[in-house]
Every structure is written in C-alpha cells, then in structure tokens.
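Given the coordinates of chain A, work out where chains B and C should sit on it, guided by the hints.
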Amino acid sequence: MNMLETATNFLSNHPLTLAVIKILIVFAVLAGIVAYLVYMERKVLAFMQARLGPMRVGPWGLLQPIADGLKLLLKEDIIPAGADKFVFLLAPAISVMAAFTVFAVIPFAGNFYVTDINIGLLFILGVSSLGIYGIILGGWSSNSHYPLLGALRSTAQLVSYEVAAGMALVGVLLISNSLSMVEIVNRQQELGVWNVFLQPVAFVIYVIAAVAETNRNPFDLPEAESELTAGFHTEYSGFRFALYFMAEYTNMVLVSCIAVTLFLGGWLRPFGSLKLMAGGLDLLEFVPVFAFLGAAAFVLWLGLKSLVQLERYFFMALAAAIVFLAALVAVPPVAHALQGIFWFGVKVLAFLYAFIWYRATFPRYRYDQLMNVGWRWMIPLALTNLIVTAVVVWWKGPHLWSLLPAGLAVTGLVGYWLSLRSPATQASHN
Amino acid sequence: MLLTYFAFGILSVIALASGVMVITRRNAVHSVIWLIVALFAVGGVYLLQQAEFLFAVQIILYVGGIMVLFLFVVMLVNIDVALKQAQFSRQWLLGVLTAALLAVLLAYVVYNHGQGLNLPAQPLVSMRQGNTQAIGQALYQNYMLPVEIASLLLLVAMVGAVIMAKRKFE
Amino acid sequence: MIPTDWYIFLGSGLFIIGVVGVLTRRNVLIILMSIELILNAVNINLVALSQHFRAVDGQVFAIFVITDAAAEAAVGLGLIIALFRNKETVNADEIDLLKW
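Residue numbers (the working numbering), protein chains in the order written: chain A, 987 to 1416; chain B, 80 to 249; chain C, 22 to 121.
Take these hints with a grain of salt, some might be off.
As the list claims (entries may be wrong) - Pairs of lysine-lysine residues, derived as BS3-like cross-links and limited to a Cα-Cα distance of at most 30 Å, are as follows:
#1 Lys245/B - Lys108/C
#2 Lys1029/A - Lys1291/A
#3 Lys247/B - Lys108/C
#4 Lys1061/A - Lys1071/A
#5 Lys163/B - Lys1071/A
#6 Lys163/B - Lys108/C
#7 Lys1029/A - Lys1057/A
#8 Lys1029/A - Lys1071/A
#9 Lys1071/A - Lys1057/A
It should be emphasised that the hints constitute simulated quantities derived from the structure, not laboratory data.
All of these numbers come straight from a predicted model, not from anything done at the bench.
So that you can see chain A by itself, here it is in the shape it has in the complex:
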C-alpha cells in the first residue's frame, strides 16, 4: 500500500508524467492494433470470399503482420530521380503524425483518455484534415505524373467529404451542447439514449463520409490497384510505404473510435441503466467474462479441428490463457473497472468489421460519381438534418425523441426530391 501511495503522490505532483505514460500506452496499443487490423482484414476478406487467407506464417497466419513489417523494413529505399528529397521524406511522416495525434482526445473509458480539451471535436476535425498534406505533398514530390494525378484526385475527394462529415457532426453538437468528447458521452448517459437514435441521418452521413475520408472501398479510386497504378504512393517503397499504409489503417481505427464516441455512446454499456442485481453485484457487469469464455471456446474448437499436433497444443494453450484472463476479469472490482474499455472495444471492433465488409461487398465508385455523391447528396442531406435538429432543439416543447421520426421524415422528403433532380432520372425522362 505504501508503494501505491508514493506512486499516486508522485503522479499528482508531476501531472506531465502521467500524461506521458498514457501517451506511451495508447501509442503502443494502437500500433499493435493497426498491425493486427491488417491481418484481420485479410482473414475476414478471405472468409467472405470462401478462402482461407494467410495461413503459413505462424499458426493460422498469426505472425503475418510481423513478417510484413520485417519485409517492408528490409526493402531497398528508392527515391525517384528529380524528386524533392526533403518533401519526399516529410510527406508520409505528416500522414502518420496527423493520424496518431487525434488519439490524444479520444476517451477510451470514463477515466482513461490522454486529455480532454474543451474544443475536442474541433481539434479532431482540424488535425485529421492535416492528413491531406501527407497525400498531396507525397504525390507532388514524386516528380511523376501518376502520383500527382492520384494525389490531386484523392485530395479533392477528402476535402469534399470532410465538409459533409463536419456538418453531420454539428447535429451531435447541437444535442450535446459541448465540444468536449467526454462531455458528449456523459450527455448520452444523462439522456439515457445513444445519439444514433436521435440523429440517424447524421450517423449514416458520418459513416459514409468516414469511409470516403479514409480512402477505403467503395471510395478507394485514388489508390486502387487496378486504377492509376497505385495513386499517390506509387513511388514509395519499403518503410515509407509502410508509414502510409499504417496511416490509412490508423485513420480507419480513428474514424471508428470517433463514430463510437459520438453516436454509439462511447464506453457506455447498451441498456446501461438496466441492472440485474444478484447478491449485491450487477450481473450484467460480467458480460466481458462470458465474452472471454466464448472466445476461448472458439479457439479450442479451431485447435481441435487442426491436424498438426503443434498447432493443437498452441491453440489449447491460447484457450487456457484466455480462460485465465476471464477468471482475472471475474473478480468484481476488476470487472467494474474494465467495463468502459470492454464495451468501447466491442463497438470499435464492430465498426472495423463493417469497414472490411464494405470492402468485400461494394464495387468501386467512379470519380465523377464519387464527387456527385459528396457534393449533391451528402451536403444537402446533412444541411437538412442540421435544420431539423436546430428547430427541434430550439422549440423546447417536444422531447428530443421526436428528432427520430422528424429527422427521418424530412430527410426522406429531401432525398426523394434530390433523386428526382438527379441527371440519371432526367436523362430517362428526355
């Protein structure tokens, strides 16, 4: 106990140390998550395409990200002739910096966030728009036509969808009366309802804009393999390409975290006010334990299916480790402390799965279709949502729940009118 006291005293006298420790934890965990997100994407894509995915490196390909990282690190470092050297080296660093810096204001649990500034939402919008410079400078400094064209296209796409995303987020701002991320989640707890039910249109617009912001399918024209060679990162190889790659996947995790915090209640448990009391303990707090046990059972089943003896032992050991973790979590104080981050993790994982699902399912948008959707559909619908939300919030009569039918109805009408004016319909009329 004495060590704990001295530790807390030291930390409260040197607040910067705690912040640095938190930054290191977030950075390390994030780097690991991004690496295994690549693996998860390949496995899930394979599962949806009825094949197996990476299986060679390690049991079930679990060491694949490490192999990929080593390969990229050891590749030859090529800088194109005539390229602007300093800018060429700077561009991937800008992308990665912009992606990682935003994680400073994202709350992972009620008491675990690096910092909470009172302009959190604006900070997120601003710093994530700095990633554009990484793309445009990378494309230009490669001193080659294809990267420049890919960079200009990608930048135009990012700027367009940024406007739509910002407008969608203002709807949430109107309900929460605050720009601070922690405050927004607390407000959802006060209201007793997640923002997705009050702002369904804003949620859909934000998710679509987020997919476009991260250059993912169906909006990945600027970097698709079958299009302009490889877009803005054609001339990048080795670790610089790894930096761009890492920046893209970090952006994916970032927009998932933002969507979860703003719309899905952050670290709040679904039906958070429902309690299943039994002997002074809330039984619903032990759902993480059941989740872990389920994961252990799945791993065990995978192991029993395998034919290689070494793999079987590995998976049984893994299952045993997960059961041990579940037993650790089953201790009531630990379960109570881990609630927030468990539910946050589950929701973010659901979003990431959805991202990968979109990649497996949707065909790619053509560039003019992409810009059409961004400017002529998303922005008018986001503005409509803003107007309806503002009217309902100002007119204090109806309860905020009326935002749901009102928003859907008005947006449906505007959407229908927009579809009547679209070039496709008018062409078929002529």
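Here is chains B and C on its own, set in the frame of chain A:
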C-alpha cells in the same frame, strides 16, 4: 509563468523565421510549406492568448482549407521555366526601403516617445464563460448582420471562383 | 503574463515581412501568400487587444478576417488560373499589357 515566456519566444521566432522563408524561396511549393508553418505558429499565439476557438478555426480553415487551395493552384501552374527566372523584381531595393520606412513609422507610433503603448490597464477578471460560448453568443447576438453578410460574400466568392476558372467553351 | 506590447511587436514584424514580400517578389502566387501573412499579422493584433480588454469582439473580428481571406484566396487563385491559361506565365512583370 516561465513556460509562457518560453512558448511565446519560440512561437514568435518560428512565425518570423517562416515568414522570411516564405518570401525568399525560389520554389513556390516550398513557400507554401513555410507559410503553413507560419500559420501554425500564429495559431499557437492565439492559443497562448486563451483564444482556443480561434486556434481551432485557424487550423481548420486556414491550414486545412486555404493552404490546400494554394497548394493545388501552385502545383497546377508550377512550370520549370519560372524556377530559372529572376525571383525578385528589378525595383526590389525600392520595395525594401519603403518597408523599412513603414517599419520606422510603426516603431515610432508604438514607442510613442519612449512610453510604449499606453494601453489602459484592465482589471484581471477571468472570463466567466468558455471561449467558444462567448464567441458564439457574440456572433449570433451582436454580430448577426456581419455573419449574414459574410455568408453572402462567401457565396459570391464561390460563384466567382468557379466562373473565373472555367474553360470558356467556344 | 506577457505584456500586450510584445504581441503588437510580433504583429508589426510579420506585417513588415508581408509588405516586403508583396513589393519585391515577381511570382504572383508568392505575392498572394505575402498578403496572407499580412492578414495574419492583423489577426494577431486583434486577438492580443481583445485579450487585453477582456472583450470577445476582437476575436469575432479575427474570424471575419479569416473568412474574408478565404474568399479572397479563392477568387485570387481563380484569377491566376485564368491568367495562366491565357499567358502561360505567373510572373507579375510579364503581365504588362492593358489590352492584347
């Protein structure tokens, strides 16, 4: 306290040095990059003044919007011929002398016979609301008309820019 | 507490740098960028004085200045693109005919 002075020193050195780099680079893209650095430093100065909303607006609008626009146009018109021409106009000495004269005038006004700016000392009362709330209230209550005029101005600028940059189909 | 005078010196310094840029450079784009420097110097002044007098009006004015800078940059760059399409140059010294 010391940290504030240190921060101000660093930010002003970065702002002034980047400003000098902006006007002296041969390559226009390098100038844009230095201008971005200068704008970040100016945003930092706003943050030092506890104007955090303005800092966010500077980053989102200026650095994230206007500078991207500049970068686009610079990349479109960046021809190699321009890199080899003379960068400074023939009457550069006259320009520098005029600026020096202006600097002397500003210094004279600011120093005001050795008294410095005679700003009335204000009571050190803290702002009761947050910065964002205060600006929001001012914008939508006292300055409603300028907000409407600014939106009209932006509409006109958008239409004008599109028309100006369109190709005229003969 | 940093004296407000220091901020005004910083603003004036940045202003002078911007003026030198506008008066001496030939590349029209760099002239536009120097104008942005001038606008930012003015903004520093506005925010410093707004903090001194504990009134938020200076910051509101600064927001309007940023808005106008955006509008002016858009129109100015559109002009440069149109000019470049006709004359193939962005050198201010070569745009010297009133009618061609």
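Results of checking the hints against the structure:
no., hint, in the structure
1, Lys245/B - Lys108/C, "holds (16 Å)"
2, Lys1029/A - Lys1291/A, "holds (17 Å)"
3, Lys247/B - Lys108/C, "holds (15 Å)"
4, Lys1061/A - Lys1071/A, "holds (19 Å)"
5, Lys163/B - Lys1071/A, "holds (19 Å)"
6, Lys163/B - Lys108/C, "holds (18 Å)"
7, Lys1029/A - Lys1057/A, "holds (20 Å)"
8, Lys1029/A - Lys1071/A, "violated (37 Å)"
9, Lys1071/A - Lys1057/A, "holds (23 Å)"
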